[in-house]
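Protein chains in written order, with our numbering: chain G, 259 to 402; chain C, 259 to 402.
Keep in mind the hints are simulated off the structure, nothing from the lab.
Remember, it's a predicted structure, so these values are computed and weren't measured experimentally.
Treat the hints with care, since some could be wrong.
A pair counts as met if it fits within one copy or between any two copies, since identical chains are not told apart.
Unchecked claim - Straight-line Cα separation of at most 20 Å, EDC-like style, residue types lysine to aspartate or glutamate; simulated pairs:
#  : residue 1 : residue 2
1  : Lys367    : Glu339
2  : Lys309    : Glu286
3  : Lys270    : Glu339
4  : Lys367    : Asp313
5  : Lys309    : Asp295
6  : Lys328    : Asp278
7  : Lys367    : Asp295
8  : Lys279    : Glu339
9  : Lys274    : Glu306
10 : Lys328    : Asp272
11 : Lys367    : Asp272
12 : Lys274    : Asp324
13 : Lys325    : Asp278
14 : Lys307    : Glu293
15 : Lys270    : Glu286
16 : Lys317    : Glu391
17 : Lys282    : Glu294
18 : Lys307    : Asp272
19 : Lys309    : Glu398
20 : Lys279    : Glu391
21 : Lys270    : Asp330
Number of protein chains: 2
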Amino acid sequence: MRLFLSVPFSSKVDSKGIIDKAFKSDIEILIQNLEEDGHKVYCAPAAEKWKISHDNPVKVLSGDLDKIAKTDVYIAILDNEISAGVQISMGFALANQKRIVMASPTGVKLSWANNAVSGFQNVSSLNFSFYDELAEQILELITR
Amino acid sequence: MRLFLSVPFSSKVDSKGIIDKAFKSDIEILIQNLEEDGHKVYCAPAAEKWKISHDNPVKVLSGDLDKIAKTDVYIAILDNEISAGVQISMGFALANQKRIVMASPTGVKLSWANNAVSGFQNVSSLNFSFYDELAEQILELITR
């Protein structure tokens, strides 16, 4: 299946635009684990080599939205800090009636709107303690 | 025209769920000014009488999204604090190829994703210093 993985980004880079190493590694392992199961994962920051694109943000974002329109499953990682980009893409996925998986680390309290989304018929939500468990949880959800 | 006005909400209520009076008044005047020009404004928190709905969030949110699908213009008020709900609805409006107006108080720095959205062809963005000027700015944009 084609999986679109939406992850927070701006909140994970330092003032020089360098991505948090642990977060990058967590997401890369998650992508690898999903791909080893035969899926094709698109994750924008990974595709952009973990650098914020200042060149043509319109082209970058509309490219991402096109990918969502074509994906089989849309997966959002939701943190305590709300990500503008993740939320926009989730609204876009909702409008495209995609199958949605919302994944948040244990202890994260969903905002009113995200909690509402979690109750939609085409949406599953899951909590995880460690990123290396997350791939398994996602695979169990989408392949059963 | 039908206008959907998306405003931050959770960040504007206190621990008891009571809405900030000044903000409520600003938005109510904005709605009134837009309606006096002959438009029909839907603003979810105003429709919900400025109370957070705990009863059936799925029904409330999907009702809002249905309104966006039918609106002529979608207007988002963007603050420094990212609103999960505003961002979801903006993604939904983008997917529905709506005419979008992004309005932010002077001094607000748009996130990467919101800045990217502001460059889309169907999106206009404006800054305002006072809410009572905002209606005029919006009307100038959408009726010219």
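Now for the hints, and whether the structure bears them out:
no.	hint	in the structure
1	Lys367 to Glu339	both (10 Å within a copy, 17 Å between copies)
2	Lys309 to Glu286	within (14 Å within a copy, 41 Å between copies)
3	Lys270 to Glu339	both (10 Å within a copy, 17 Å between copies)
4	Lys367 to Asp313	between (34 Å within a copy, 18 Å between copies)
5	Lys309 to Asp295	neither (27 Å within a copy, 45 Å between copies)
6	Lys328 to Asp278	neither (29 Å within a copy, 41 Å between copies)
7	Lys367 to Asp295	neither (30 Å within a copy, 41 Å between copies)
8	Lys279 to Glu339	within (18 Å within a copy, 26 Å between copies)
9	Lys274 to Glu306	within (16 Å within a copy, 43 Å between copies)
10	Lys328 to Asp272	neither (32 Å within a copy, 41 Å between copies)
11	Lys367 to Asp272	between (24 Å within a copy, 17 Å between copies)
12	Lys274 to Asp324	neither (29 Å within a copy, 41 Å between copies)
13	Lys325 to Asp278	neither (25 Å within a copy, 39 Å between copies)
14	Lys307 to Glu293	within (18 Å within a copy, 47 Å between copies)
15	Lys270 to Glu286	within (14 Å within a copy, 37 Å between copies)
16	Lys317 to Glu391	neither (34 Å within a copy, 32 Å between copies)
17	Lys282 to Glu294	within (18 Å within a copy, 51 Å between copies)
18	Lys307 to Asp272	within (15 Å within a copy, 41 Å between copies)
19	Lys309 to Glu398	neither (31 Å within a copy, 38 Å between copies)
20	Lys279 to Glu391	within (19 Å within a copy, 45 Å between copies)
21	Lys270 to Asp330	neither (27 Å within a copy, 36 Å between copies)
In summary, the structure is inconsistent with hints 5, 6, 7, 10, 12, 13, 16, 19, 21 from the numbered list given earlier, while agreeing with the others.
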